[in-house]
Amino acid sequence: MTDTAVLEVRDVHVTVNGVRALGGVTFDVPEGSLFGLIGPNGAGKTTIMNVISAVITPQRGSVRFRGEDLTGAGTVARVRAGILRSFQQVRLLEDLTVLDNLLLGRERFRTVGLLRQICGSRTGRRQARRDLAMAREVAAVLGLSDVLGRDVRDLPFGVRRLVDVGRAFVAEPDLLLLDEPAAGLDVTSRRLLLDAIKQAQRTTGATVMLVEHDVDLVRRACGDAVVLSNGEVLARGAPAEVLADPAVLRAYFGHNDA
Amino acid sequence: MPERRSLAHRLRPVLPLALLVVLPLLLDSFSLYQATMILIYVTAIIGLDIVFGRAGVLSVAQAVFIGIGAYAAAWMSRTTAVSIGVELVVAAAIAGVAAIVVGLPALRVSGLRLAILTFAFVELFQWVLTTFASVTGGTQGLRVNPGGFGAITTADPMVGYWLAAAIAVLATWLVIRLRRNPIGRAMAAVKSSNLLAESVGVSTVRTKLTAFMLSGMLGGLAGVVLAHVAGSVTPAGFTVFSSLDLLVALILGGTGRVHGAWLGAAYVVLVPEVFARLGIPNAYPVVSGAVLMLLLVALPGGIASVLDRVRDRFRPRGGHTLTPATERSSS
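Going down the list, the protein sequences come from chains A and B.
Sequential numbering from 869 applies to the first sequence in my numbering.
Sequential numbering from 550 applies to the second sequence in my numbering.
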């Protein structure tokens, strides 16, 4: 445990349709880190993401963000507090441009009312300029500057994945949860995506929790990691250490009942 | 900073606006009436497009909001001496509030179940109109006294046309503004999925209710003009079939596209007239149904999508606009 934890997950229990998905998960995410959450399929990685982002409510346990208990706060409230997430499947507004998709990430800063949005107030214009500047900055970091005006439906999968990740960074998150961002990409694209994520993280200063089952990716990217198996924390520490843990190897290679 | 728009882009609204100005000077009285009806439909369909085409919420209650506007105008024209401007504001406010109430179930249910719930509101509205006859005139409805601004009244069909045109232009401007606005993106996110919307901080509750409110307000405005142009209001004009007619017009024209509402409005006003002139008015519903099915299969983007494809074919490729435009193919 660390004093500078941005996120504290404590004793989280989730049961779905009578099946235990998480059984007392506890871990901390250090501020400013690129943190890995790994585990084999069905370990509960996405479930814990869903708990942190309030997509599902745990039966027991708590999530604290910057020392504040988030119990009772819905997804939108958590986003406004600075917790953003991406999904395993790319979720984009298909009929809109890359720029529009990136700008959607700025929704958490929206303060201008409907009438002033429609009629165009000075505050609204100032906010729009800030939003556009941030979208362009992230686009430049992720190499999306040349496709800002393109409809996302016309783009290849790898670029769409970048847009998905970019939208989350445009939101200037304090904590960004990336759910298997490299899923469906080839080895080269994975490496490029990882580099882009690291650079975007440095630019925005966000804490990133990377949920992956690709252990190599986590080994290369993350300073700290937690391994989940069967809804429980199996190991935590530096990726190289936890991935050498016999219990982790058993969970991954199936030599026990995991 | 967004790129400065080209002169050609800025002048784009000039031609359609000029057409709107010149058109009434060229039309006989019946054609002027039809043109006015098209403009009223445009406003109502844009309202429906905001809630269905933009926010993805299927509602068949649009006729209720038009009806509220129409009855509010009829009642005010008979019992007060307020100008039509006041009627428009009051009707839009009442219809907007009613739309928020109708939209409340959308926070819990969606799709066909929501459509059925909004259908219940249409039936409730019909019940109110026929039950409280002392206020609504019952099944006979109400006659509407001409309204206007001082000496300029809707007794002159040209005034009705200008009023309908001004409101249709206002509705078009509103929907164009929405498209380039955060609220438009929020609606697109809600249409895509609640999970996506909430994951970026969009309040699905506020966005859906906003869509309903705008939809209702535009319906109410259309209703006021309709009441004054028609000269009377009856419950028969605001049934679920009226709503379905608007929905068909929107789907035929093209959802989520500004010109889709205009094309759809022209279709539902002019095509029945064509069949009537051919002496086979009863063929219209059959042919219209067949056209709708054909379009849904072959052209889900409606007639507007055909025009978009033609335009895209002649548009130079490669240059990317950096101005946020939620929908490259519209307007």
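Derived by calculation from the structure, the hints in this document are not laboratory data.
Here the structure is a predicted model, which means the values were calculated and not measured.
Every residue, glycine too, gets a C-beta built ideally from N, C-alpha and C.
Warning: the hint list may mix true and false statements.
Below, a sample of chain A positions facing chain B; criterion: calculated Cβ distance under 10 Å [claimed, not checked]:
# : residue
1 : R948
2 : G988
3 : R990
4 : K1066
5 : L1111
6 : D1113
7 : P1114
Restraint ranges, calculated between C-beta atoms of paired labels, are given here [unchecked claim]:
#  : chain 1 : residue 1 : chain 2 : residue 2 : range
8  : B       : W676      : A       : A945      : 37 to 43 Å
9  : B       : E672      : A       : Q1067     : 56 to 62 Å
10 : B       : N831      : A       : A945      : 54 to 60 Å
11 : A       : D1022     : B       : F698      : 45 to 51 Å
- Message: Which constraints among the numbered hints does this structure fail? Numbers only, ascending.
- Response: Numbers 3, 4, 5, 6, 7 - these are the hints that the structure violates, sorted from lowest upward.
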